[in-house]
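The primary structure of each chain is shown beneath.
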Amino acid sequence: MRIVVVGNGMVGYKFCEKLVGKNLPDLQITVFGEEQYPAYDRVHLSEFFSGKKADDLSLASRSWYQEKGIELHLGDPVQYIKPSVKLLHTFKGYIKHYDILILATGSSAFVPKIEGIEKDGVFLYRTIEDLHLIQSYAPKANKGTVIGGGLLGLEAAKALLDLGISNTHVIEFAPRLMPRQLDEVGSEMLMTTLAQLGLTIHTNTNTSRITGDDCITGLEFADGSSIETDILVVSAGIRPRGELAIDCGLETGMNGGIVVNSRMQTSDTSIYAIGECALYNEMIYGLVAPGYDMAEVVVSEICRMFDASAATKLFTGFDMSTKLKLVGTDVASFGDPFANGKNISNIVLKDTVKGVYKRINVSADGKYLLGGVLVGDASQYNMLLQTCRNKILLPPHPEDLVLPAREAQKEEGAGVQALPGDALICSCEGVSKDIICQSVTEHGCETVDAIKKCTKAGTGCGGCLPMVKDLMVYTMKQQGKYIRNVLCEHFNYSRQELFDLIKLHELKTYDAVLDQLGKGDGCEVCKPSVSSLLASLWNEMVLKKGNDTAQDSNDRFLANIQRGGTYSVVPRIPGGEITPEKLIVIGQVAQKYGLYTKITGGQRIDLFGAHVSDLPLIWSELTAAGFESGHAYGKALRTVKSCVGSTWCRFGLQDSVSFAIRVEERYRGVRAPHKIKSAVSGCIRECAEAQSKDFGIIATEKGWNLYVCGNGGSKPQHALLLATDLDDETCLRYIDRFLMFYIRTADPLTRTATWLNKMEGGIDYLRNVVVNDSLGMAAQWEQEMQALVDAYQCEWKTAIETPEIRKRFAHFINAPQEKDPTVQFETLRAQKKAANWK
Amino acid sequence: MITQNETAVKNSQWFTACKVEDVVENGGVCVKYGNKQIALFYFTRRNEWYATQNECPHKKQMALSRGMIGTKNEEPKVACPFHKKTFSLVTGQCLSGDECSLKTYPVKVENGFVYIDVSQ
Numbered sequence: 000m001r002i003v004v005v006g007n008g009m010v011g012y013k014f015c016e017k018l019v020g021k022n023l024p025d026l027q028i029t030v031f032g033e034e035q036y037p038a039y040d041r042v043h044l045s046e047f048f049s050g051k052k053a054d055d056l057s058l059a060s061r062s063w064y065q066e067k068g069i070e071l072h073l074g075d076p077v078q079y080i081k082p083s084v085k086l087l088h089t090f091k092g093y094i095k096h097y098d099i100l101i102l103a104t105g106s107s108a109f110v111p112k113i114e115g116i117e118k119d120g121v122f123l124y125r126t127i128e129d130l131h132l133i134q135s136y137a138p139k140a141n142k143g144t145v146i147g148g149g150l151l152g153l154e155a156a157k158a159l160l161d162l163g164i165s166n167t168h169v170i171e172f173a174p175r176l177m178p179r180q181l182d183e184v185g186s187e188m189l190m191t192t193l194a195q196l197g198l199t200i201h202t203n204t205n206t207s208r209i210t211g212d213d214c215i216t217g218l219e220f221a222d223g224s225s226i227e228t229d230i231l232v233v234s235a236g237i238r239p240r241g242e243l244a245i246d247c248g249l250e251t252g253m254n255g256g257i258v259v260n261s262r263m264q265t266s267d268t269s270i271y272a273i274g275e276c277a278l279y280n281e282m283i284y285g286l287v288a289p290g291y292d293m294a295e296v297v298v299s300e301i302c303r304m305f306d307a308s309a310a311t312k313l314f315t316g317f318d319m320s321t322k323l324k325l326v327g328t329d330v331a332s333f334g335d336p337f338a339n340g341k342n343i344s345n346i347v348l349k350d351t352v353k354g355v356y357k358r359i360n361v362s363a364d365g366k367y368l369l370g371g372v373l374v375g376d377a378s379q380y381n382m383l384l385q386t387c388r389n390k391i392l393l394p395p396h397p398e399d400l401v402l403p404a405r406e407a408q409k410e411e412g413a414g415v416q417a418l419p420g421d422a423l424i425c426s427c428e429g430v431s432k433d434i435i436c437q438s439v440t441e442h443g444c445e446t447v448d449a450i451k452k453c454t455k456a457g458t459g460c461g462g463c464l465p466m467v468k469d470l471m472v473y474t475m476k477q478q479g480k481y482i483r484n485v486l487c488e489h490f491n492y493s494r495q496e497l498f499d500l501i502k503l504h505e506l507k508t509y510d511a512v513l514d515q516l517g518k519g520d521g522c523e524v525c526k527p528s529v530s531s532l533l534a535s536l537w538n539e540m541v542l543k544k545g546n547d548t549a550q551d552s553n554d555r556f557l558a559n560i561q562r563g564g565t566y567s568v569v570p571r572i573p574g575g576e577i578t579p580e581k582l583i584v585i586g587q588v589a590q591k592y593g594l595y596t597k598i599t600g601g602q603r604i605d606l607f608g609a610h611v612s613d614l615p616l617i618w619s620e621l622t623a624a625g626f627e628s629g630h631a632y633g634k635a636l637r638t639v640k641s642c643v644g645s646t647w648c649r650f651g652l653q654d655s656v657s658f659a660i661r662v663e664e665r666y667r668g669v670r671a672p673h674k675i676k677s678a679v680s681g682c683i684r685e686c687a688e689a690q691s692k693d694f695g696i697i698a699t700e701k702g703w704n705l706y707v708c709g710n711g712g713s714k715p716q717h718a719l720l721l722a723t724d725l726d727d728e729t730c731l732r733y734i735d736r737f738l739m740f741y742i743r744t745a746d747p748l749t750r751t752a753t754w755l756n757k758m759e760g761g762i763d764y765l766r767n768v769v770v771n772d773s774l775g776m777a778a779q780w781e782q783e784m785q786a787l788v789d790a791y792q793c794e795w796k797t798a799i800e801t802p803e804i805r806k807r808f809a810h811f812i813n814a815p816q817e818k819d820p821t822v823q824f825e826t827l828r829a830q831k832k833a834a835n836w837k
Numbered sequence: 000m001i002t003q004n005e006t007a008v009k010n011s012q013w014f015t016a017c018k019v020e021d022v023v024e025n026g027g028v029c030v031k032y033g034n035k036q037i038a039l040f041y042f043t044r045r046n047e048w049y050a051t052q053n054e055c056p057h058k059k060q061m062a063l064s065r066g067m068i069g070t071k072n073e074e075p076k077v078a079c080p081f082h083k084k085t086f087s088l089v090t091g092q093c094l095s096g097d098e099c100s101l102k103t104y105p106v107k108v109e110n111g112f113v114y115i116d117v118s119q
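Chains as they are written, first to last, in numbering that gives the first Met the number 0: chain A, 0 to 837; chain B, 0 to 119.
Because the hints were derived from the structure by calculation, they are not lab data.
One should not assume that every hint holds.
Claimed, not checked - 27 Å max Cα-Cα, derived DSS-like pairs, lysine-lysine:
no., chain 1, residue 1, chain 2, residue 2
1, A, K52, A, K476
2, B, K58, A, K543
3, A, K597, B, K71
4, A, K832, B, K83
5, A, K324, B, K107
6, B, K84, A, K674
7, A, K17, A, K468
8, B, K71, A, K139
9, B, K83, A, K455
10, B, K59, B, K83
11, B, K35, A, K714
12, A, K322, A, K139
13, A, K543, B, K59
14, A, K507, A, K543
15, A, K818, B, K71
16, A, K818, B, K84
17, A, K806, B, K71
18, B, K84, A, K52
19, A, K452, B, K71
The following block holds chain A by itself, in its conformation from the complex (with noise of 0.2 Å):
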């Protein structure tokens, strides 16, 4: 059977994947495409600026459709068709007789009739010609427009962004941004959002004129108003290519959509028309997901021409939810976002601080979800789709589902199991909920990746693999799995395994464990961890020979690795306490290298654009001048911040910063399982934020009240009271045992926060394990500390004493005197930057 497809888009390519995964006997497929390329994501046009390359946005390569047979022709559109005798010739002179022809011919860009449109400096966003056009007149211009508010807008506003542009203004027609998507407030929150990108955005306005000789110069609007521009891009919406089917006499609709049934047929039989394209319904489709579905009706009437009996799909519609990432923020639409009137309420809520907006639409009786709008933070996203899709019954407060969780509903994956078997949990590749379970269940996956390769579910824009992880760890759980979590390829043990292990057998270094307790040849996964277990156990000098390599990459050179491949340098100042003389070296020693400086949320100085080279000769100065590393490189403890508390202080209960410098060069460079940071504070208006640290430390009238597992970062959570009133001794000792604790038992990369909320029993268990001793292992946690306090050096001079670790400070090995020549600064405020990724 020949079969013939025009348009070599996603859809078309879609098509194409799917048709060949059938098998079929006696197919031979064509595909004609008028773009040099071959299929390409449009959906992710936007990152051809932000670095990506043409290939990288590619489907599937031209090797791709010569394995599968297809017969590929780029740069050759289709002339006209000759449907009564089933033939269509090509511009360089194909002519193709088909039995099945397949128009996926997309969509065009809509051109507004603008006075000037024609004018050098306006461009379409559309395709990757358009993208170079664009990104060659771009060096030209320092003010940029772009027409059209919609998704595809935003999209060529963020690449104009991309592109160095600063000044960028986007014009909208209608009252709002994105008016299929977002209702007024939500547009309006999404306006304060890209106004502090620099983004000047006009709604309600109507451009009534380009202005400029042959180059376009500025744009008139309807109000009289004017602006200045040396850039315009046009994007004012989609226009579906139905050219191919008007000319041959096919039933086409509004703005040329070609007609089709639920089973995607035109009003010719043996002719077809999926995509945006298509016009179903009186609804053109302007989405891949739907686009994607209309692939598979055509794949299944194919196969029933093969096997009268094979399954019937019909396309019924599609729902136009969808979550996007636009210019760094959430936005998302699902289900009916606009519904509104009396038998529906609806729930908001607005935080302007946090840019967030949320819109939940409920029926009247409280039960169902009709739709909704979220701005500013979609993570609930697909859980609200499937309530909607589902039409699953309402929990009593629906407010919840839009309120960030609370303390007591925090557990993980909870949710899943409510879900029908037919869910749709990857709408992008139709996977629900069943498929993914059985992946489980009867193909034996039990990774992300291995389910993703399986049921390709996940595979598209990556949003729903979240849910696809609790789904697998759900189902595994029911089947009495045991989910262990295992490090990877190299060790079938869990951190907590490997701990007890390495100590038992008194390992020493890395490639000791991997022979005695793994297999192969290690991985960037376990080598850090494993390291970071050996300095836990033995607090050896990490980059001992044999472990060096071991080390991640910020142990490796002591220092932090910062954009363009410099590093930065944070010296140890504990407690945040420094003398001016201090104070002074430092300053010197920046002014020397020329190094960034910043302070930091931890009392201390950043010095950044250090090169690898540099970095032996500014610690010489900095041990010189009496400080230490600062482990700031270091899944280690980083800083004990205080307040001046009682020796100032007039509300100062006890002496924070004494203590704090006490604590601080008590735990200096214990390496742990994540980073570990701490606060001491005065009295309980609590200056040092000790609540929001791992452990943290606030004065009462009798001593210290410890609190712990509390964190900032991006999930703030408030650290829980573990004891009150203690003496300094007794406050020392419970860290002790509770670092030990969280040191031995949490998993790689685990901050304490998390550590505590996946632990049974919580706080309480936690407070009996560490005050009350129940486990019996308080001594021998204290001694093991001890030891680790006792062996501590600081990294750095050692590093620099040491003639064979210090020569590895050098970027070239065949030339260690030169600097990396790619390395580029900026100038900012009077001090440099690193440049921007390419």
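With chain A fixed as given, assemble chain B onto it according to the hints.
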């Protein structure tokens, strides 16, 4: 002595990179060749040498020589220190699912010196 690519001997152009003991065990160093930067890896556990471009194609950072090496199903690989994209040391292919790859160079060791074939 190990040569990674004995078939390429004919038209090869061997550049003397450094001495064997200059290179860290189970890790990489960066070699300057004219204006080029080449990452040279000594996979001591497997007694194998590899060389690739030093620039990570993901964000165009000169950093691969500082990355950790290891294996994935027996295939030697390097992980970029910036975002942990991994690449095969044998083929240069990206193993983290991205459509980019590294240029690789043949390496040989003779009389304690390491040579890189820069003819390609």
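Quiz item: Can you name, in rising order, the numbers of the hints this structure does not satisfy?
Solution: 1, 2, 3, 5, 8, 11, 12, 13, 15, 17
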